[in-house]
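Chains B, C and D: place on chain A using the hints.
Here is how the chains run, residue by residue.
Number of protein chains: 4
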Amino acid sequence: MDFSFDERTEKLRESLGTFVRTRVIPAEPLFAQPAPGPGSSGWGRPAAMAELQREARARGLWNLFMPRRSPHGAGLSALQYAPLAEITGWSPWIAPEALNCAAPDTGNMELLDMFATEEQKRQWLEPLLTASIRSAYCMTEPAVASSDASNIRLRARRDGDHYVLDGRKWWATGAMAPECELLVVLAITDPDAERRRRQSILLVPKDTPGVRVVRGLSVFGFTDSAHGGHAEVHFDGARIPVGSLLGDEGEGARLAQARLGPGRIHHCMRLVGMAERAVELMCARAEERSAFGRPLADHGEVLAWIAEARLRIDQLRLMVLQAAWLIDEVGARAARTEISAIKVAAPPTAEWVIDRAIQVHGAAGMAQDLPLAMLWAQARGLRFADGPDEVHRMVLGRRELDRQRRRRTGEDT
Amino acid sequence: MDFSFDERTEKLRESLGTFVRTRVIPAEPLFAQPAPGPGSSGWGRPAAMAELQREARARGLWNLFMPRRSPHGAGLSALQYAPLAEITGWSPWIAPEALNCAAPDTGNMELLDMFATEEQKRQWLEPLLTASIRSAYCMTEPAVASSDASNIRLRARRDGDHYVLDGRKWWATGAMAPECELLVVLAITDPDAERRRRQSILLVPKDTPGVRVVRGLSVFGFTDSAHGGHAEVHFDGARIPVGSLLGDEGEGARLAQARLGPGRIHHCMRLVGMAERAVELMCARAEERSAFGRPLADHGEVLAWIAEARLRIDQLRLMVLQAAWLIDEVGARAARTEISAIKVAAPPTAEWVIDRAIQVHGAAGMAQDLPLAMLWAQARGLRFADGPDEVHRMVLGRRELDRQRRRRTGEDT
Amino acid sequence: MDFSFDERTEKLRESLGTFVRTRVIPAEPLFAQPAPGPGSSGWGRPAAMAELQREARARGLWNLFMPRRSPHGAGLSALQYAPLAEITGWSPWIAPEALNCAAPDTGNMELLDMFATEEQKRQWLEPLLTASIRSAYCMTEPAVASSDASNIRLRARRDGDHYVLDGRKWWATGAMAPECELLVVLAITDPDAERRRRQSILLVPKDTPGVRVVRGLSVFGFTDSAHGGHAEVHFDGARIPVGSLLGDEGEGARLAQARLGPGRIHHCMRLVGMAERAVELMCARAEERSAFGRPLADHGEVLAWIAEARLRIDQLRLMVLQAAWLIDEVGARAARTEISAIKVAAPPTAEWVIDRAIQVHGAAGMAQDLPLAMLWAQARGLRFADGPDEVHRMVLGRRELDRQRRRRTGEDT
Amino acid sequence: MDFSFDERTEKLRESLGTFVRTRVIPAEPLFAQPAPGPGSSGWGRPAAMAELQREARARGLWNLFMPRRSPHGAGLSALQYAPLAEITGWSPWIAPEALNCAAPDTGNMELLDMFATEEQKRQWLEPLLTASIRSAYCMTEPAVASSDASNIRLRARRDGDHYVLDGRKWWATGAMAPECELLVVLAITDPDAERRRRQSILLVPKDTPGVRVVRGLSVFGFTDSAHGGHAEVHFDGARIPVGSLLGDEGEGARLAQARLGPGRIHHCMRLVGMAERAVELMCARAEERSAFGRPLADHGEVLAWIAEARLRIDQLRLMVLQAAWLIDEVGARAARTEISAIKVAAPPTAEWVIDRAIQVHGAAGMAQDLPLAMLWAQARGLRFADGPDEVHRMVLGRRELDRQRRRRTGEDT
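Protein chains in written order, with the numbering used here: chain A, 40 to 452; chain B, 40 to 452; chain C, 40 to 452; chain D, 40 to 452.
Extracted from the complex, chain A is given alone in its bound form (with noise of 0.2 Å):
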């Protein structure tokens, strides 16, 4: 295990803190929420975001997040990347867009490049890859526990040269906003085929007929409305030629599996950045504000939480450098455990330090003024992505009896 950081992600970090510092920081009264009410016609991004893009491109700030293989990034590897996700995360609904490495676009950028058609990347992948459009990933159900994906219902039946699709998706991030064009949507093909083939991807022009995006969900009161929110999507009869198709018909769930391993990483280092601006704000609020006649940083509750904060934020970054490097040596799969376990402890690590930076700050904690209440939300919410806590923790645990009953039987060591 070596996760030194090499010269160039020494570089890089540097480059994108000083431009996070600097520029994201600043602009982020700019992107104040709630915008928009539910309904309202406010949802896209505010004019400084184009800006922020600008410069980070000129900055060689853009597309790092692409993995090595592609020849659409920066080459970096996941170790290298993660530091500088972990930067975006100061910043979180703003960094990672002006970067071009924000969710779900990351995700279908990442699908688009290893599976779609020469016809297919010209079409979606290259307007993403310089942000001129934004996706949606829809995959999450409204009327079914979709952390069981086998439960998923939409259809996409097969008419001729095209599929028809019936159904309804939700939580589709970014779609509110007008800049999204396509959806990326997992649906049923074949009802009757066996379990891991009955799923396909099909790329989806959001224009098209039948396709109806209803209504901006809210996240603890956030609309999230300068990324786009996050979408109810009614598919009624929508026809989309069968070239719509992502990869093999059939291959819709293991596509959506390998969609999924780097994703948590990213979501994962930006967890541990917006830990560090948690205890940044409140290391600053406890040595300014006074109470009972010193200091709040002087009084032992709060002290204790300083060092609790600062404990489990570096151990929860050196896990996800663990999981970085083991992509990058032996595969996402092979890391899946990793993964797992990364997935179930980074948001409640946030959560905490963010809770306890919100404590310190009184009543401000919670409003628009700071953004300690916006990353907690977020934080939050990520306990639900890919799967709510209780699956990974489940699907953990059995690995871990496999591993020991081997270890039992001598057929592991």
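Just so you know, these hints were derived from the structure itself, not from any lab.
All C-beta atoms, glycine included, are put in the ideal place defined by N, C-alpha and C.
One should not assume that every hint holds.
[Stated by the list, open to error] Only part of the chain B face toward chain D is listed, based on derived beta-carbon distances under 10 Å:
1) Ile227
2) Asp337
3) His338
4) Gly339
5) Glu340
6) Val341
7) Ala343
[As the list claims (entries may be wrong)] To give an idea of the chain A side of the interface with chain B (calculated C-beta under 8 Å), a few residues:
8) Trp132
9) Pro217
10) Ala330
Frame of chain A; chains B, C and D shown alone:
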């Protein structure tokens, strides 16, 4: 300790339970948030509120909070009111107000009832008792740690027959609404007086020149707009007649203290009700939804959460009832240890239960279709109301040390 | 709900409090552990116990546990007994026995009182009531998960006028002591009967040939030798007359259940008292010791622990009193949800308080000069007594789901 | 950061793993506790220890702990030693000593290696390196909060060519055993000196007249007799020659500090191993035992515990490896923040895992047939070793505040 509910209480519980279940909860969508963005002009009650209030009044569910000694309420003891406040917690942003039992008006009405002159009562208490106007309470200040009340700085200088106010307040709940006409303001009238005699309470018409309601503060993304939000208010040379003083000059600290005790009980009882609403939703969902071949209710972790939720709620309720009973028996001052204790215990209990309920609902638990995210934000916010947990723990710790010392030395048994 | 202590209870509390403070606690060094190693011959009561028992009896503090309906006790209700059991928890390895109110004799006496024949009562109940002999209860078995009572395997085959017992039991508390003459044994009498009718309870003299007390089991290093330890007992063809059956054949499960309810209350009340002892020691130490220039009591973390300890203990006590009151009002069966709830809540509450008290004492808190380590071990052990927490949480969870379902469907209100 | 294990480390891990699995763990019953009661004459090593030590030495597993710079050990770096110390944690009361790598001898040998004169080395270091004698470390005192080292009071007065010692120490681990011949004592030599120059370290033969080993202290009922227990030692006018001084007079505080750093790492690595042993036992049990119709491993709560255990252990190990790596790179002093962090993190992590493992075993988990109760007591005890958590959290909190202040002011980046 006798926590039994007498016949009258049981009848009121039944009547109120029916009202909240059949009238208030069905009206919740009409109070949806976030309605206006900060700065927007959309603050204030939906029309449905007046209708609910008419009906509550007709059912004899009006001004129930008013303490027994007052001629203006239903003549209920704290123990009689406690289970009713719990029921209003099922829908905490509507039900309390529908009964004219919502903070901060309740605390303000109690203050006026106890300390106002006849003239002041005519001007302010009467319209508050009929919900013709609303009021706000201005204590917390943005520039200081208000958990330590001696930090407060808003200045009211005597100038002939007037006081002139200069300074800033925030978290003035309700003040964004047009219905709010009265600000009850804690101010420094004599900075050189002995510590406990520096402050006074003033009754300030919101439309006084020099008073400016600057903006609404959000709580984890929620503006609480239908309830009048949480305002930042600036006082720049605002002049009010000397007769606006509530009680005597220098009595502000004492009056503020008197205002707090019962209010804390109300908050805590509502938190019990909020947790009950969450556990009700959690159980329904756990039986409806299936994952991995069986209902969520059959998953061990979910079942354990439900058990813990019931246990924690029941334990909390007993503690709150005990505090209510003590207030009736010995008064709020003598019951202050028990009141501090529930202030510390109630919000995190409700937070925990609501968080588990959210988790059982998947991402839907965070969005606007369910009341869970709002319940959570409200519960979390109450860890700050009337001073953060840390302060109350400090107070409780010191009292326990005293108590044990007196036992050791034989002073007490 | 009326938890007030009546005059008789208050008098008993005062009398018992004095007895424990002035007689029992000063005698603690005489009961020091670990006295004999496992296998040693040193098990059994120090002489001081008989003296304490004589005195308790003289003070009218004898057999207080016996339920009101029995002619053999003090005629106390569960609610009257609860605060007395709490006081015995201040010194849980001595005080209960000094009053002849210690498990497992209490449960055994209750069983005999309810179900024994006159002959059985003469033989066993009478000497138990005067503490002339001691008894043990043999339920748990080493080879199966006894938390699921249907797993039990010890076999009692009918052979003419006798039962022949074969199998193994352990955690037979008290059985190591020479004073212990009776084993109350749960055995399978009819493996082919309907599930709830397979087991019976048998009264087995410890000196029956074929009964072998094999060894004592320790609890976190403590042998509990002065209380008769916790024995592993083997039954190899032990023959007892048919008249040794308690109640009817096949009623074992029902009797075992009847035995449990009140016993759980006793354990829980004692846990409250154990936590009170810990907080008393913690406060004294926090004021006596200084580090970094001020008493430990002035360190924020310590102060917060003290506050939390008081809060958690008071909350737990209310819950236990409520369960006791319910047992009096509606019987142990109807109160089984509340009994399960305190069974889950009490041990970890006491564990937490005792652990904090240990921490405040530094390493001394773990050693033999203070009762804290023993208190902790006893509290931790009670998470297993009468079934582990997990089983009770499962039961509680299912009951809550039922309750909510009945409310949803309108069956209940 | 490069935590990879090099070839030599991997070979040692394999060799040591085999040794502990095939020789040490099977010998555990021979080291059963509690052997002697306090005051008994049975303290000291079972004969099996000498046999295990011979074998470890033959296998090249001897004095591995000695830092690379010393000629007396295996020349391992902290990072090389860390995974080996982890393996000794599988059986922490036997394996470390079998390798001559057990505290407090390790710390004492390091001190002697660094600061002793040739004569002192001949007298004490050489027999310690061959395990011919054992030693104890006398720092903690019964009368003061020793977490604050400036509280220490044992006095060593200069009297001609001698020091005369008066005072009391306790928690002198190992001193009860006859094999223990050396006491390394922290004493006040100049109470009037500047604060950091008051203390000195003295090498005191245990058989010095005036030195009295009074009694053994137990840790949650365990006497740790096979390891020499934990002694209270009184010094009443004990005279030792001036040449017994280690290093210079007044250097005690500095030497004591030097002793601590690496030792903490060793404790923490062993705690990782202790937790691994617990999770191994927990998994085996969860698959063997059934309740309510299915293996414990299929109960959701148990599965979640197993998952959490794996996650927490892996996270902790990374943190400890990082601290070890830092010690090698920049020295123990520069790594002190990271060392404090693992000191705080390791014991509760191990406690949690062991507690869950106990719970899965039912009451058996607390008794002498399984190592879990002893593992737990040891882990809990380590929350006190080298200062309680609270002190380390305070230190960590202050360092984080400093770090953040330097970043805010631009002093650091």
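Status of the hints after comparison with the structure:
1. Ile227: violated, 32 Å
2. Asp337: For Asp337 (chain B), the interface hint holds, since the closest Cβ of chain D sits about 9 Å away, which is under 10 Å.
3. His338: holds, 5 Å
4. Gly339: holds, 2 Å
5. Glu340: holds, 5 Å
6. Val341: holds, 8 Å
7. Ala343: The hint holds - Ala343 (chain B) has a Cβ within 10 Å of chain D, the shortest such distance being about 5 Å.
8. Trp132: violated, 12 Å
9. Pro217: The hint is violated - Pro217 (chain A) has no Cβ within 8 Å of chain B, the shortest such distance being about 19 Å.
10. Ala330: With a minimum Cβ separation of about 4 Å from chain B (threshold 8 Å), the hint on Ala330 (chain A) holds.
This entry does not satisfy hints 1, 8, 9, going by the numbered hints stated previously.
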